[in-house]
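Working from the sequences, and respecting the hints, build out all of it.
Letter by letter, the chains look like this.
Protein chains: 2
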Amino acid sequence: MGRDKDTQARAGRMSTPHGTIDTPVFMPVGTQATVKALSPTELEETGAEVILSNTYHLFLRPGHELIRSMGGLQEFMSWPHPVLTDSGGYQVFSLADLKKIQEEGVTFQSHIDGAKHLFTPESVMEVETALGADIIMPLDECTPYPCTYEYARESYGLTLRWAERSKRRFEELATDRRAPQALFGIVQGSTYEDLRVTCAEALVSMGFDGYAIGGLSIGEPKSTMGGLIDLTVACLPENQPRYLMGAGTPEDLVDAVGRGLDMFDCVIPTREGRNGALYTPEGRVNISNARFKEDARPLDETCGCYACRTFSRSYLRHLYNTGEMLGPQMGTLHNVNFFVGLAKQMRAAILSDTFVDWRTRFLNQYCSTTTKECDT
Amino acid sequence: MGRDKDTQARAGRMSTPHGTIDTPVFMPVGTQATVKALSPTELEETGAEVILSNTYHLFLRPGHELIRSMGGLQEFMSWPHPVLTDSGGYQVFSLADLKKIQEEGVTFQSHIDGAKHLFTPESVMEVETALGADIIMPLDECTPYPCTYEYARESYGLTLRWAERSKRRFEELATDRRAPQALFGIVQGSTYEDLRVTCAEALVSMGFDGYAIGGLSIGEPKSTMGGLIDLTVACLPENQPRYLMGAGTPEDLVDAVGRGLDMFDCVIPTREGRNGALYTPEGRVNISNARFKEDARPLDETCGCYACRTFSRSYLRHLYNTGEMLGPQMGTLHNVNFFVGLAKQMRAAILSDTFVDWRTRFLNQYCSTTTKECDT
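Residue numbers (the numbering used here), protein chains in the order written: chain A, 2 to 377; chain B, 2 to 377.
Calculated directly from the structure, the hints in this document are not laboratory data.
C-beta atoms are modelled at their ideal positions from N, C-alpha and C, and glycine is treated no differently.
Among the hints, erroneous ones may be present.
Said to hold, decoys possible - Simulated DEER-style distance windows between Cβ atoms:
no., chain 1, residue 1, chain 2, residue 2, range
1, B, GLN103, A, THR303, 47 to 57 Å
2, A, ASN287, B, GLU127, 30 to 40 Å
3, A, GLU127, B, GLU283, 50 to 60 Å
4, A, LYS294, B, ASP210, 30 to 40 Å
5, B, GLY305, A, ARG62, 26 to 36 Å
6, A, LYS294, B, GLU105, 26 to 36 Å
7, B, GLU283, A, GLY20, 32 to 42 Å
8, A, ARG292, B, MET2, 47 to 57 Å
9, A, SER111, B, GLU127, 38 to 48 Å
What follows is the structure, encoded as structure tokens:
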């Protein structure tokens, strides 16, 4: 484990039954047991060490018992490396219909067929045990932004009681596991500093294998996010992984690593890759732009991904403009490579004690052009 | 060149500036300078030796002059192997709006933006010269099925006059080429035996680098197709390639090879791959079927493609049922592998003088289950 001399940034290593994870790490999102448009081999080529999959989606289709019977998530999707499953809470609140939150859990209707389901902290642990991811998350309520103090206080209390119930059920399920799993705690508390601190301290006293910060990167000002991260990180143990859920843009990642965060997941590289918004060291570009029409250069001359080794900007533009699948496939491959590589670059900079220099250089180059992301 | 002792089947070899093509050969369709869902490397892994691309589509987007400026079609799409371009005639008649056929050529409106264009035999040769495919086809009229004798007679006469004009322009363009191209003639004549024979004889007397049979596999009974192929093949020179345009199902290919055809192209493996209709030695299966839900076996245990080496039927079904891109990607890869491999199997059987035995075994196994294709 390395520690940057000027910031909170750190480089760590986690062991899981499916391999080690070197942090800082970016986890591509594989919602339905597939990182959209990438084969497991392509995913390996990006350098990805761990991916995230969604409990809510897998519970609905194909079902956690099916995945258990197929040997678990890694075996089912032919990804013999670490996987993290979220709790499904975020998806229940953002995708499902007619949800109703009670002390017991959350009732919701499937966004696919309208069928009614109940998630409790205990049932989610059972589902995640069946899925068999290396790292699993407990059911929480992700409060919306903005959120009143009163609502946030009620909600974080519920999240804490659910965390306790999750941990108890997690321990009971020990003998049902194919291989050991790690359970993280999730710090909530909206934008309220006192709630964040109390929540973090309570979770730490319960004792989890790692700690996630939830409910950020959902619309609040970036300055707010930074302050809340700092406060929360100060409450978390030094020797355990810290995971910023759902973040973010390249600048978000760089900022958060400097604040002591280790793990990140975000749909940006995959979703934007499908839409032709592609990431380069000079910022994000829209490959459909007319200026690329006759551009024979690779998208990013410094990138070693298959798309950059093989195709011109002109050809990539043609693929997107004609609606050809190979465009989204290659854009996703490149973007995931960029985000995974960004975390690896940060790790190398931390280990060589050059993180601040690296960060200055990266941001100067990345934000030198006018792109939507550079709004910090 | 090998010749089967019992049938008209033969094994040949063609040389092109981008490599040799061993026949019988199946050419995957890459309409818009990409075989949908496959990277060039994946395409190579299927064993594909040559692909087909569409002049009509490339003329509209991105434009043949752009492709010329990018170094030609092979360079543009990073496929350093042989390519064949069709004439665009079939697409003009099937896709474009308000087409008007005259002696000079065909006027049509783009199916994309309604812009009005004129294809003449000469302009199509110019477009195909700019694209730079190894094998190119002249503008023809693909008559619909059914078609009256009067219409077919008028049409095949026009196709013949267009063939003559194409050949003249093709020869004039010799100095504009980056590398030599081969020009094939296209036999039309609908379902009328006398027209087919006269057309084939006239084309042979003009002299082309190879001969295609067009206007079949568009709805006529299979028995009609077989007879017309036999008649036409009898008129074609032994030492030049014969190409059955737009065919077909596995049974169609096996039948046509036995009648002396060498080259085939069809959208079946790619289009059906995207829809989850997957080809196996036991026939076509719909992978979305409930019977595959808990099936941990590979799609085809005898297949060496990445999809069959990597995934279970259960997982493939999950991908299609949840609309995940990896499903169509893997289905396309497998199907193209199947069709390309089928042609290679036939070549090996011809060369070892076992084609008839091979055919019997293949059809017995392939048609043993009830599939839509086995309707011969």
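Against the structure, the hints come out as follows:
{"no.": "1", "hint": "B/GLN103 - A/THR303: 47 to 57 Å", "result": "54 Å, holds"}
{"no.": "2", "hint": "A/ASN287 - B/GLU127: 30 to 40 Å", "result": "33 Å, holds"}
{"no.": "3", "hint": "A/GLU127 - B/GLU283: 50 to 60 Å", "result": "39 Å, violated"}
{"no.": "4", "hint": "A/LYS294 - B/ASP210: 30 to 40 Å", "result": "34 Å, holds"}
{"no.": "5", "hint": "B/GLY305 - A/ARG62: 26 to 36 Å", "result": "30 Å, holds"}
{"no.": "6", "hint": "A/LYS294 - B/GLU105: 26 to 36 Å", "result": "31 Å, holds"}
{"no.": "7", "hint": "B/GLU283 - A/GLY20: 32 to 42 Å", "result": "38 Å, holds"}
{"no.": "8", "hint": "A/ARG292 - B/MET2: 47 to 57 Å", "result": "51 Å, holds"}
{"no.": "9", "hint": "A/SER111 - B/GLU127: 38 to 48 Å", "result": "57 Å, violated"}
In summary, the structure is inconsistent with hints 3, 9 from the numbered list given earlier, while agreeing with the others.
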